[in-house]
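Spelled out from the first residue to the last, the chains are:
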Amino acid sequence: MAGPLSKYALINAKLRARISKILPDEVFGQLAKAPSLDAALALLRDSVFADLEHIYAATGDLKSAELDLLKREIELYRGIRKHLHPGTKELVDALLAQFEIDNLKNAIRIYFDRKIRKRSVDDRTHYVLHEPIVHDLPMDAILNAEGFDEIAGLCGGTPYGAIVSKFSHTVETEGSLFRMEVALDHCYYSRLVEAINRLDRRDRDVAVRLIGVEIDLQNISWVIRLKSFYDLPLEAILTTIIPGGFHLSRSVIDELYQAQNVAATLQEFVAGKYPGLSALLAAETSSSAARLALVQRILAEIRKHEVQRILAGYPFSIGIILSYFVLKRDELQKIRMLLNAKQYGRQQERIESLL
Amino acid sequence: MISTTPMTQLFAVVLGKDRERVTEALLREGVMQFVSTLDVDLEEPDKLSPVESDVSLSDLSDLRKRVEGVLYTIGVVPRPPQEADLRDRASVNLEREGNRLDKLDAERQAVRERQRGIQQEILKLEDIKRQVSVYGLGLSGVKLDARHSVLAVQTGQLPASNVRRLDEGLHTMPALHMELGREGDRTHHLLISMKRDREQIAEILSSVGWSDIELSGEVLSAEADLLDELSGRLETLNTEQKTLQETVNELVKKEETHLRELWISLRVAELCSQIQTHFKSSSRTAVFAGWLPSSKKRRLVERLTEASDGRCYLEWHEADSAEIASEEIPVQFDNPKVLAPFQMLVCNFGVPKYGTIDPTPFVMPMYLIMFGLMFADVGQGLVLAALGALGVRSLRNNEAKKGLFHLSWLVVWCGVSAVVFGALLGSYFGMPLIKPLWFDFHGIVAGHGSGNSLISNIYDVLAITIYFGISVIFLGLVFNWINIIRTRRWMELIFDKGGLLGGWMYGGGIYIASYMIKHQYKEFPSGGVLMLLAGLPAILLFIKEPYHYYKHEHGRSDRKPNPAMVILDFLMKWIVELLEIFSGYLSNTLSFMRVAGLGIAHACLMISFFTLADMTSGVFSLLILVLGNVLVIGLEGLSAGIQALRLNYYEFFTKFFHGTGKLHTPISLSSQL
Numbered sequence: 002m003a004g005p006l007s008k009y010a011l012i013n014a015k016l017r018a019r020i021s022k023i024l025p026d027e028v029f030g031q032l033a034k035a036p037s038l039d040a041a042l043a044l045l046r047d048s049v050f051a052d053l054e055h056i057y058a059a060t061g062d063l064k065s066a067e068l069d070l071l072k073r074e075i076e077l078y079r080g081i082r083k084h085l086h087p088g089t090k091e092l093v094d095a096l097l098a099q100f101e102i103d104n105l106k107n108a109i110r111i112y113f114d115r116k117i118r119k120r121s122v123d124d125r126t127h128y129v130l131h132e133p134i135v136h137d138l139p140m141d142a143i144l145n146a147e148g149f150d151e152i153a154g155l156c157g158g159t160p161y162g163a164i165v166s167k168f169s170h171t172v173e174t175e176g177s178l179f180r181m182e183v184a185l186d187h188c189y190y191s192r193l194v195e196a197i198n199r200l201d202r203r204d205r206d207v208a209v210r211l212i213g214v215e216i217d218l219q220n221i222s223w224v225i226r227l228k229s230f231y232d233l234p235l236e237a238i239l240t241t242i243i244p245g246g247f248h249l250s251r252s253v254i255d256e257l258y259q260a261q262n263v264a265a266t267l268q269e270f271v272a273g274k275y276p277g278l279s280a281l282l283a284a285e286t287s288s289s290a291a292r293l294a295l296v297q298r299i300l301a302e303i304r305k306h307e308v309q310r311i312l313a314g315y316p317f318s319i320g321i322i323l324s325y326f327v328l329k330r331d332e333l334q335k336i337r338m339l340l341n342a343k344q345y346g347r348q349q350e351r352i353e354s355l356l
Numbered sequence: 002m003i004s005t006t007p008m009t010q011l012f013a014v015v016l017g018k019d020r021e022r023v024t025e026a027l028l029r030e031g032v033m034q035f036v037s038t039l040d041v042d043l044e045e046p047d048k049l050s051p052v053e054s055d056v057s058l059s060d061l062s063d064l065r066k067r068v069e070g071v072l073y074t075i076g077v078v079p080r081p082p083q084e085a086d087l088r089d090r091a092s093v094n095l096e097r098e099g100n101r102l103d104k105l106d107a108e109r110q111a112v113r114e115r116q117r118g119i120q121q122e123i124l125k126l127e128d129i130k131r132q133v134s135v136y137g138l139g140l141s142g143v144k145l146d147a148r149h150s151v152l153a154v155q156t157g158q159l160p161a162s163n164v165r166r167l168d169e170g171l172h173t174m175p176a177l178h179m180e181l182g183r184e185g186d187r188t189h190h191l192l193i194s195m196k197r198d199r200e201q202i203a204e205i206l207s208s209v210g211w212s213d214i215e216l217s218g219e220v221l222s223a224e225a226d227l228l229d230e231l232s233g234r235l236e237t238l239n240t241e242q243k244t245l246q247e248t249v250n251e252l253v254k255k256e257e258t259h260l261r262e263l264w265i266s267l268r269v270a271e272l273c274s275q276i277q278t279h280f281k282s283s284s285r286t287a288v289f290a291g292w293l294p295s296s297k298k299r300r301l302v303e304r305l306t307e308a309s310d311g312r313c314y315l316e317w318h319e320a321d322s323a324e325i326a327s328e329e330i331p332v333q334f335d336n337p338k339v340l341a342p343f344q345m346l347v348c349n350f351g352v353p354k355y356g357t358i359d360p361t362p363f364v365m366p367m368y369l370i371m372f373g374l375m376f377a378d379v380g381q382g383l384v385l386a387a388l389g390a391l392g393v394r395s396l397r398n399n400e401a402k403k404g405l406f407h408l409s410w411l412v413v414w415c416g417v418s419a420v421v422f423g424a425l426l427g428s429y430f431g432m433p434l435i436k437p438l439w440f441d442f443h444g445i446v447a448g449h450g451s452g453n454s455l456i457s458n459i460y461d462v463l464a465i466t467i468y469f470g471i472s473v474i475f476l477g478l479v480f481n482w483i484n485i486i487r488t489r490r491w492m493e494l495i496f497d498k499g500g501l502l503g504g505w506m507y508g509g510g511i512y513i514a515s516y517m518i519k520h521q522y523k524e525f526p527s528g529g530v531l532m533l534l535a536g537l538p539a540i541l542l543f544i545k546e547p548y549h550y551y552k553h554e555h556g557r558s559d560r561k562p563n564p565a566m567v568i569l570d571f572l573m574k575w576i577v578e579l580l581e582i583f584s585g586y587l588s589n590t591l592s593f594m595r596v597a598g599l600g601i602a603h604a605c606l607m608i609s610f611f612t613l614a615d616m617t618s619g620v621f622s623l624l625i626l627v628l629g630n631v632l633v634i635g636l637e638g639l640s641a642g643i644q645a646l647r648l649n650y651y652e653f654f655t656k657f658f659h660g661t662g663k664l665h666t667p668i669s670l671s672s673q674l
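Residue numbers (this note's numbering), protein chains in the order written: chain E, 2 to 356; chain L, 2 to 674.
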C-alpha cells in the first residue's frame, strides 16, 4: 500500500504552487471598486482569467464566459484526479458529482418551467453542460422530456433516477422542486461521506472535519434561509438537514431556528467552536440585510479558518486537495459574483458586503 | 552601496496659492515618500485640516479605470505619463468626459446586444447540429432512434410572402427551416425544431399558412445538404459575430487617441491628488512631510523654491538623528543595475532595516561561487547563459514581468559562473576537452587523480567548501557587529550569539577542530589554549543573563523571586545558549559541504551518462549524451540554484540580516497603479 509521502508529495507541491496563484483578497477588493465591467475585466488581464474578456468581447454574453469558468472548474478536478491514487480518486469523483447534480438540477428546472409552469426556456437551455461529468446523462433528452417518468428513465443507471421517480409526485402536488433538489443534495453528500469512509484513517479524519464543516455551513445557511424567507416549521427544516456535519448538533439548529437574531446566536456558536474568530464577529448589526451579510461572513471565516488549519498542518494528506478545491471554488464564485454585479451595475458597498 | 541609501526627512510649509505648482514639482521629481504631518512635531496640529480639492481622488480614479477598461478591449495598455505630460497638463472636465464615455458605452452596449442575439442564434443552431450529428434526421431511409432524438422534422409548403413571418416567429426558439423548392407562389420547406416546442411551432405554422406535404424523392438526399446548410449558417453567424466585435473595437479605436490622452491627464491629476491627500492646510498655507534620499535633497530644494518663487519654509531632519526611530525610515537600495537580479534575491528574503548593511554586493560573488562549484561545466554553462539571454531578450520591454526579467539575468550570470568554474575544473559537456586551469574535478570523482598536488581527493574538495563556509559565516558575523555598533547596542555586541563572544567561540572551535585534524584526531590543544579559546568566552557568556535580569527585571515585580530559582534560571539559559552556539555554528559550517556534494553529484551523473553511452553506439550513444546533458542542465541547474540560495538565506543572512525594513515608495509619474 502506498504511503502518504508517495501518495501526496507531488500533488502537495503542485497544489501549493497553484494556491500561491489564487487571486488575493486585495484583487477582489479592486474588482469590487472597478467602475465598470470593462474595468473589472482589465484588472484580470495578467491573471489566469484574462481570456474571460476575450470570450465576452467575442460573444457579448457574460453567461458564455461563466459557462467557460464552470468547464474550467470541472477540468481542474479532472486534472488533479489524474495525479491521485485510486482511493483518493473515488473521493474526487464524489466531489465532481456536485457539478453533475447542479447541472441536472438546472436541466430539471428548465423542464419544470417549460412543461409545468409553461414558461419560455429557450434562452436558458444553451447553458446546460452536455458533456458527461461523472455519468453519461443525456441532457438534451432531459431538457426535452415529456414527464418526470421519462427523466427518471433517462437517469437510469445513476443514483438520480430513483430520486426523480420518488419525488415526481411531490413536485406535481406542491408545485415546487424544493424537495427533489434537497434529495439530490442529500444524495451528493451521502455519497461523499461514503467515499470519505473508504479513505485511510489520517485522510478520513481530515476529510470528515473539512467536509463536515462544509455540511455545517450548508445546514446553517438552509436553516436561516428556510426560516427567514419561507417561514417553514422546524420539522420541515429538519428534513432538509444534511447528516454528517461536524459541529452542528440538533440543539444548535433548534437555537438557530428559535433565535430572533440569528447572527447573535451564530456568534455564540463561533465563540464556542472558533474562539480565535470571535474578535472578527463583534460587529453590531441592525438591518436584516446586514445581518445576513454578517452571517455569510461568519460562515466564510469558519471555512477559511478550517482551510488555513489544514494548510498549516501535516502536508501529506487529502487535506491539501480538499483545501485547494475550497479555495478555488471561493475564487471562482467571487469572480462570477463580481462580474455579474458589474454587469448589472450593483453598488460598490453592496458588492463589498458580499465578498 | 554596502549600506542602504542615506535618507532625509523634509517638513515643508508653502503658501496655499503655490500648492498646485509645488505638487507638480514633487510629482516631477518623484522622490518623496509622504508621511503624515502628525508624525512631525507641530505646535498646533489641530489648526490644520486636510486639503480640499475641487475633484475627488476617487472620481478621478474611477474615470481613469473606466478609460483603462475601454482601452483594454482593443488590447491597449496605456504607458505611464512622462514629464512632458505633466508640463502640458490640461485640466479634465470629469462630467463632460464621463458623459462622453457613457455615450461610447451605450453605443458599444447596443452592438453587444446584437452580439448577444447572434450568440443565442449560434447556440440554437449548435444544439440542432449536435442532435443531427448524433441521431441524423432519418431522411435517408435510415430510421431514427426516435426515443432519444429530440428533433422534430417536417416538410410542408407555405405562401412565399409568409416566409419572413415564419422567420420572425421561429426567431426565439431553436429551429431551422430550409427552402427545398418553389411552386408558383408557394415555397416548399424542410423544418427542424425541438420536439418540446411542438405546441408553439404548430401555432406559428398555422399562422403562416403552412400545410404538411409528403417527402418527395429528391428530398431523401437532403440530410447532407442540411448539415451543410447548418454549417453554412453557423459560419455566417460567426462571421457576423466577428464583424460586430470589430464594430465594437472600431468604436473604441475611433476614440483611441482621445482616450489615451484622457488617461494620461487623469493619471497625472490622480497622482497630484494623491500627493495632496498628504497635505494639511491652514487658512493660507499647506504643510507636508516625507522621506527622500539625501542625494536628492539639493535638487528638490531648487525645484520647490522655483515652484513657490522662494515662498517656502523647508526643514530637514537627518535620518540618523536621535528622535527618529530607524523602523520608520524607508529604505532605498543603492546598487548598480548589474546587481538587480541579486537584489531581487535579497528582497525575496526581506528588506534590510535602514542604516544596516545591504548584503546585495556580497550575495553576487557568493551565490555565483557556490553555483559555479556545484555546476562547473563550460558547455552546460553556455547553454544556461544562452537560455537566460533568450529570456532577457523576450522580457526586456515587459514592465509587468520585471521579476522574470531579473530571473533571466540571474540565469545568464549562473551560466557565466558555470563556464568559469568549468574551465577551472576542466569540464566541457562532461568531457575533459581542455586541461583544467585549477584541478580535474571529474578525475577526482572517477578516481583518476586531479592533476593538482594540493587537491587530490574528495576530502580536499570537501575541505574547500568548509573553508568557504567558514569565510561566509565570519563575514556574516562581521556584518552583524557593524550593524550592532551602528545602532550602539553594546551589550548585544558582546553577548549576542552572533556577537563578539559568539565569534570568539566560533574561531576557537575552528582552531581546535583543525588542530585535532592535523594531529589525526589523537591530540587536543593544551589546556591553556582550550581555556582561552572556548572556556573563557563560555564563562563570560554567563554574565549575560544576570546582567539582563538586573537591568530589566529586577525589582519590577511585586513578588520577591526565589534566589535559588533565579540562579537556576540563569544556569539553564546559559547552558541552552552554549548548546545553541556550538550546535548552530557546527551545523552552519558543515552545511556548506552540500556545495561539494552537489558538485560530486553533477560529475557522477555525467560519468553515468558517458558509461551508458559507451554501452551503445552511433545515434543512440549521441542521444543518451544529449538527453543526459539536458537532464543535468535542468535538474542540476535547478538544484544548484536552490542550494546556493538556501546557503545565502540560512547560513549567511541569519547572522546579521533581519529583513524588517520597509521599501521607499515615492509617488512619481511611474508609480504602480
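These are computed hints drawn from the structure, not numbers from a lab. Honestly, I wouldn't trust all of these hints.
[To be verified] The calculated lysine-lysine pairs, modelled on DSS-like cross-linking and capped at a C-alpha distance of 27 Å, are: (1) E:Lys329 x E:Lys83; (2) L:Lys243 x L:Lys104; (3) E:Lys106 x L:Lys130; (4) E:Lys64 x L:Lys498; (5) L:Lys254 x E:Lys22; (6) E:Lys72 x L:Lys243; (7) E:Lys274 x E:Lys90; (8) E:Lys83 x E:Lys15; (9) L:Lys243 x E:Lys64; (10) E:Lys34 x L:Lys130; (11) E:Lys119 x L:Lys130; (12) L:Lys663 x L:Lys402; (13) E:Lys15 x E:Lys106; (14) L:Lys403 x L:Lys196; (15) L:Lys574 x L:Lys498; (16) E:Lys34 x L:Lys254; (17) L:Lys196 x E:Lys167; (18) L:Lys354 x L:Lys297; (19) E:Lys116 x L:Lys243; (20) E:Lys116 x L:Lys196; (21) L:Lys130 x E:Lys15; (22) E:Lys106 x L:Lys18; (23) E:Lys64 x L:Lys552; (24) E:Lys22 x E:Lys119; (25) L:Lys196 x E:Lys22; (26) E:Lys34 x L:Lys498; (27) E:Lys329 x L:Lys402; (28) L:Lys663 x L:Lys354; (29) L:Lys104 x L:Lys254; (30) E:Lys72 x L:Lys130; (31) E:Lys64 x L:Lys130; (32) E:Lys15 x L:Lys561.
>> Under the constraints set out in the numbered hints, which ones does this structure not fulfil?
In response: 4, 5, 7, 10, 13, 14, 19, 21, 22, 23, 24, 25, 26 and 32
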